[in-house]
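Asks: With chain A held as given, fit chains B, C and D onto it using these hints.
There are 4 protein chains.
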Amino acid sequence: MREPDFTLSAGPSPASARTLAALGSPIIDDHDPVFRDAFRRTEAKVGQVFGTENEIILMQGEAILGLEAAARALVRPGMHVLNLASGVFGKGMGYWLKAFGAQLHEIETSYAEAIDPAAVAAYLDEHPEIELLSVVHCETPSGTFNDCAAIGPIARSRGVLTLVDCVASLGGMALDPDAWQLDVCVAGPQKCLAGPSGMSLVAVSAPAWAAIEGNPAAPRASFLSLLDWREQWHGRGQFPYTPSVSEVYGVAAACDQLLAEGVRASIARHETAARACRAGVAAMGLQIWPASEAIAAASVTAIAVPDGLDHQAVRDHARARYGVMLADGQGAGNLVRIGHMGPTASGLNPAIGLMAIGRSLADLGVPVRTGDGVEAALAVLAAAARD
Amino acid sequence: MREPDFTLSAGPSPASARTLAALGSPIIDDHDPVFRDAFRRTEAKVGQVFGTENEIILMQGEAILGLEAAARALVRPGMHVLNLASGVFGKGMGYWLKAFGAQLHEIETSYAEAIDPAAVAAYLDEHPEIELLSVVHCETPSGTFNDCAAIGPIARSRGVLTLVDCVASLGGMALDPDAWQLDVCVAGPQKCLAGPSGMSLVAVSAPAWAAIEGNPAAPRASFLSLLDWREQWHGRGQFPYTPSVSEVYGVAAACDQLLAEGVRASIARHETAARACRAGVAAMGLQIWPASEAIAAASVTAIAVPDGLDHQAVRDHARARYGVMLADGQGAGNLVRIGHMGPTASGLNPAIGLMAIGRSLADLGVPVRTGDGVEAALAVLAAAARD
Amino acid sequence: MREPDFTLSAGPSPASARTLAALGSPIIDDHDPVFRDAFRRTEAKVGQVFGTENEIILMQGEAILGLEAAARALVRPGMHVLNLASGVFGKGMGYWLKAFGAQLHEIETSYAEAIDPAAVAAYLDEHPEIELLSVVHCETPSGTFNDCAAIGPIARSRGVLTLVDCVASLGGMALDPDAWQLDVCVAGPQKCLAGPSGMSLVAVSAPAWAAIEGNPAAPRASFLSLLDWREQWHGRGQFPYTPSVSEVYGVAAACDQLLAEGVRASIARHETAARACRAGVAAMGLQIWPASEAIAAASVTAIAVPDGLDHQAVRDHARARYGVMLADGQGAGNLVRIGHMGPTASGLNPAIGLMAIGRSLADLGVPVRTGDGVEAALAVLAAAARD
Amino acid sequence: MREPDFTLSAGPSPASARTLAALGSPIIDDHDPVFRDAFRRTEAKVGQVFGTENEIILMQGEAILGLEAAARALVRPGMHVLNLASGVFGKGMGYWLKAFGAQLHEIETSYAEAIDPAAVAAYLDEHPEIELLSVVHCETPSGTFNDCAAIGPIARSRGVLTLVDCVASLGGMALDPDAWQLDVCVAGPQKCLAGPSGMSLVAVSAPAWAAIEGNPAAPRASFLSLLDWREQWHGRGQFPYTPSVSEVYGVAAACDQLLAEGVRASIARHETAARACRAGVAAMGLQIWPASEAIAAASVTAIAVPDGLDHQAVRDHARARYGVMLADGQGAGNLVRIGHMGPTASGLNPAIGLMAIGRSLADLGVPVRTGDGVEAALAVLAAAARD
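Protein chains in written order, with my numbering: chain A, 138 to 524; chain B, 138 to 524; chain C, 138 to 524; chain D, 138 to 524.
Next comes chain A alone, as it looks inside the complex (with noise of 0.2 Å):
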């Protein structure tokens, strides 16, 4: 089998030919001047693609690492924590809360809904005792995201920290930790970004290194620890392992692009290929996975599968017939995904993948009108272009 055309999932996604030259570009020691200095400033360059004033931690690892990290520094054992499960990443993170030694609360919902900020700040008045709140912000596997503009005020008013998973968000998605009053924000750079998939991006709060540093159990010494890198990097200009000169110049380039961009532009351009694809689906009578738009993700859109069909044949055709790549939903429901991060947000990649989706289901014995699908996305490409 060849490689697909068009990967159209919801990450890794395909990188630009600027962030593929940045990876490929020539290895040099990292404890040179050169690379040091290219360290300090991607830092500085994510940061910025946050929009934060926050330390920022760059580990080396896919953002689970990150995430794994953060919560392990952050959960004392016997912590009372509310986790946020309205989809299959937070949920995931309930586990891990438990397993770190957290007094698990939790706030759940079908992979169709977000949670209610209202029940937060009523959970939270409920329960005083509870020290932290860890939330995703978008739910990639079920398309959806939570209102953390909301959920992080409401935490903060009330003395609890949070945690933020942002991997999908990050760029394409209006975020703002510091507005928001978000403690620890982790990110991967190889969704909205376009970068490689092999750093953890960590925001961490003035707080929330207050609690870290207090916290026993945070590791230390460790591939997983935050306190690491904040002391021997930030403190003694000392790498804790060789970090992956490949992967840092790949985010730095990823960041660029991204800054160069407007953070603002890059979301607004996600945006519009979410409504695009939005329309397409309603105009080919599929509907979305999420029960309404408002809670529709700006970088993923996830479709629920016509009764009858698996995902999975639909996915295996639209690969081996069209060569267009799309993703499951990890558990979530019977749904394919179309992403639209980075570079596949932008103009006509939408309408590929309705296309892809569209012929799809008409092969396999749905009477879909993948014209008017994609008729009904130029409109609204064309509408947006206007303005």
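Just so you know, these hints were derived from the structure itself, not from any lab. The model shown is predicted, which means the values in this text are computed figures rather than measured ones. Some clues are possibly wrong.
[To be verified] Straight-line C-alpha distance at most 35 Å; calculated DSBU-like pairs for lysine-lysine:
1. 182/B <-> 235/A
2. 182/C <-> 182/B
3. 182/C <-> 235/C
4. 228/B <-> 228/A
5. 228/C <-> 228/D
6. 182/C <-> 228/C
7. 228/B <-> 235/A
8. 182/D <-> 235/D
9. 228/D <-> 182/D
10. 235/B <-> 182/B
11. 182/D <-> 235/C
12. 235/D <-> 228/C
Replies: Below, chains B, C and D alone, put in the same frame as chain A:
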């Protein structure tokens, strides 16, 4: 400051153009069948480079991740472990073993020496409670190596598992996990393979798996978990987390080149480079750091800095004036190192390192005749080429 | 303005990542034995792509160089030459032939038509003084092609040499220089091979060489000389001038990919793309530029722009609003072209071109239903995939 | 055979990673506004590198194309032309001038000498019928240069146009077309710019254009035509033929790097490399080929091969045994050349060439002490670094 003309440090080594191209090749989704095949083929290649039948686990993160993961997986709290500490990395492993709950035994030497296998045998005979032995094959910081060919069978014959740090030897020094009866070997691609630094290459024997599976403290559901990779990826075909597509391609390309050359030929090339380097050092009136040539590594030559000078001054001078990046001893002593790893173990590269060090010393007031060193190194290369 | 999301013009085609990596691979000296071997292997590959036993000459410079070189080499002042002019490039060749001293005969048609082979036979029978016939296989600007399978034998049987411009057909349309008895075929790598644009790929038959060697006006000691390459490179192993190492590597990589796919499979893929494209055009109520499907090229589809609109406005709109780069007719008429060459002849690419044109026309006030075009194109692709 | 470890020949020079990345960047259509802007910016950069206000023409093809194009454009049949022949390229230009119809005058020297400007002045005074003078700035094959700073004004003051081959001097040797009153300068990117070899960089003065436009023999409608580029591209915004997108990007990147360093700094770097090289040659008891250091080029050092040995044997040995690619004299004599062009004019590179030649000679029986040569070269570099 611009990038160095030549990087002759002790890793990350300068990757070949072909490896860089692989690192910069398009990023596809890790769920795509094309990538999954590529990942499996990469595992097989790593196995060939190791020359082992043992199961290969590729973790995303510098080799320090693999070492921590392996140590955590193997160490059952209260287990008696013998650690061989002949250098910075060996010493560091001891701290970890203890932190992970081991009853630590240690045989220690000066960092210019290697561990005597006879002492290991004697120690194990006196301490039948020991279940695990940890050893660093090549102690990069001080340029020495331990005789794993002897130590492995000593341990196996006494029912002791071995955890071997081969980070700086794989591909550049003789290593035979199966014949040498080594249980867990951890290497990195960024040294003699001249690949990217973001992966841990781990080879695990059946007895080691048995011990790990029986260890309740072995990490599970964690970035540090060898078991996750075994059970989820090898067992169910699911990656426990997104690997870095770029790094995997880079590692595969590095292995391809090494296998095309032949592992034996590569090792011979490293050995020649090391001999040339040592001949040059001697001819310049300098001294290698290891107590004898017999324990000097083939992948890196550590050179004692003459009294009255600090290694930092020498290295800074070589970098600033002559554009050559050399390595320090990472705490092992007042030494500078010339790496000959991968491409830099080829041809005249070692002589470039000699020129940089020799002339820098001369500039700093040490009466060294660089020309004599170069002449001696070239004589070794000339003789080797005739063979 | 940023780069287009999709380039669907008529060449240079977007090169694959593998071809780009080859273009960016290290530059070695052209005198190095490694490069000389690579050059020879590239010649052999080009011969395989052509499917010919004729001698291959690779000149450094866009195919226009090869065409000029071939025409200058073949035309003896005063020689009678029949030029077939069914498009912009055919017409242009006539000016050259005359300028180089030919007694020019011409069969001309509208640029929406192809030359009738019967007319060629008749003309040659009436004009036995003609020694050379010049024909363009694929007239890219107007999207038509001439039936070289018929014309070649007609010429050969009458002792007339043929000079064939295959620039836009090689690799994407049926072409068989030996069976079709074509004497000098000139192609470029930047069309259906999706290679770099800086080389001329020339295949020369033995009778053609005899004529060239006997032509005192054939260039010698010139950048335009085919004879220099034959005598100096093939004869004495010396390049007449430094080839571009990068371009040679790029051409080799492009050939490798085409040969791995298979020339026939590649052609079939181009033909399917063209059929899908034409079906879409018709379903949108538009018209292809060629007078009939029978003479429509497989590598590019020319589409008549509806009355009242200028092609430039349509193309500028598609480029600015939808990020799709389309081609004009280079003077052939008021038309826009969708190229399907190399990678863009794969999968859903033609439908992207249809979306860009359809929606642009709609935006500009032409009542086109793009969805119908996409639907029709997908139906062709779906049917083809089932075969 | 594998690729050389070091290419220290006389061009194509090893391009930097950044230039290679540019060569491997995505190919877009040459009609795209983004490319057209890039082309114009590249012309401007080339003008800055030349340091001239003259019009820049970029032709696609190795510099030999630009030289042929310029000579054909300038030579009116019957025109009296003075050719300065102090090397292989100068001599070759004479054949061309004659072939293009010139009444050829020639001042010739041994290929170890340069032309005396006073002799040029005297010759021109005696031959007022001469309208054009042709000179090679750096005679790469023999490592000498002609004093164009003196020759230019001598010609201009006598109303004689100049055609200057700067292929191997641009960017590495002092060159000032405007102050030196040079009319047509032709260079290539593959020497001191370390770019790709497939472009001709031509700077044309107003008086030269006047002569060309008035020359009925100047090529038009040809790959060899400077006028096409002026009239079609600069006049009407249309490329006369498709430029190689890859090469243009490569040239732009090479210029960017040279301009970032500064042309003067680059020249100083080349001069230091040349001095180090010559010092090494002398210290090894060898002789440079040029009759004196005063006429030795800064971009390449030609070294006489000791009696009894042939340059081919020395070069083959250096290449096979030590992985170093050196250059021959292209017919200028029994010599080997170390190129120091672009990146290879940096740092310890010249000493690598000395090691390869010295040790190869020793292996072949010539009693050369390479160490002395390296020592002497390093002394020059050390002194230069202190300045």
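Asks: Of the hints stated earlier, which fail here?
Replies: Hint check: 1, 4, 5 and 11 fail, others pass.
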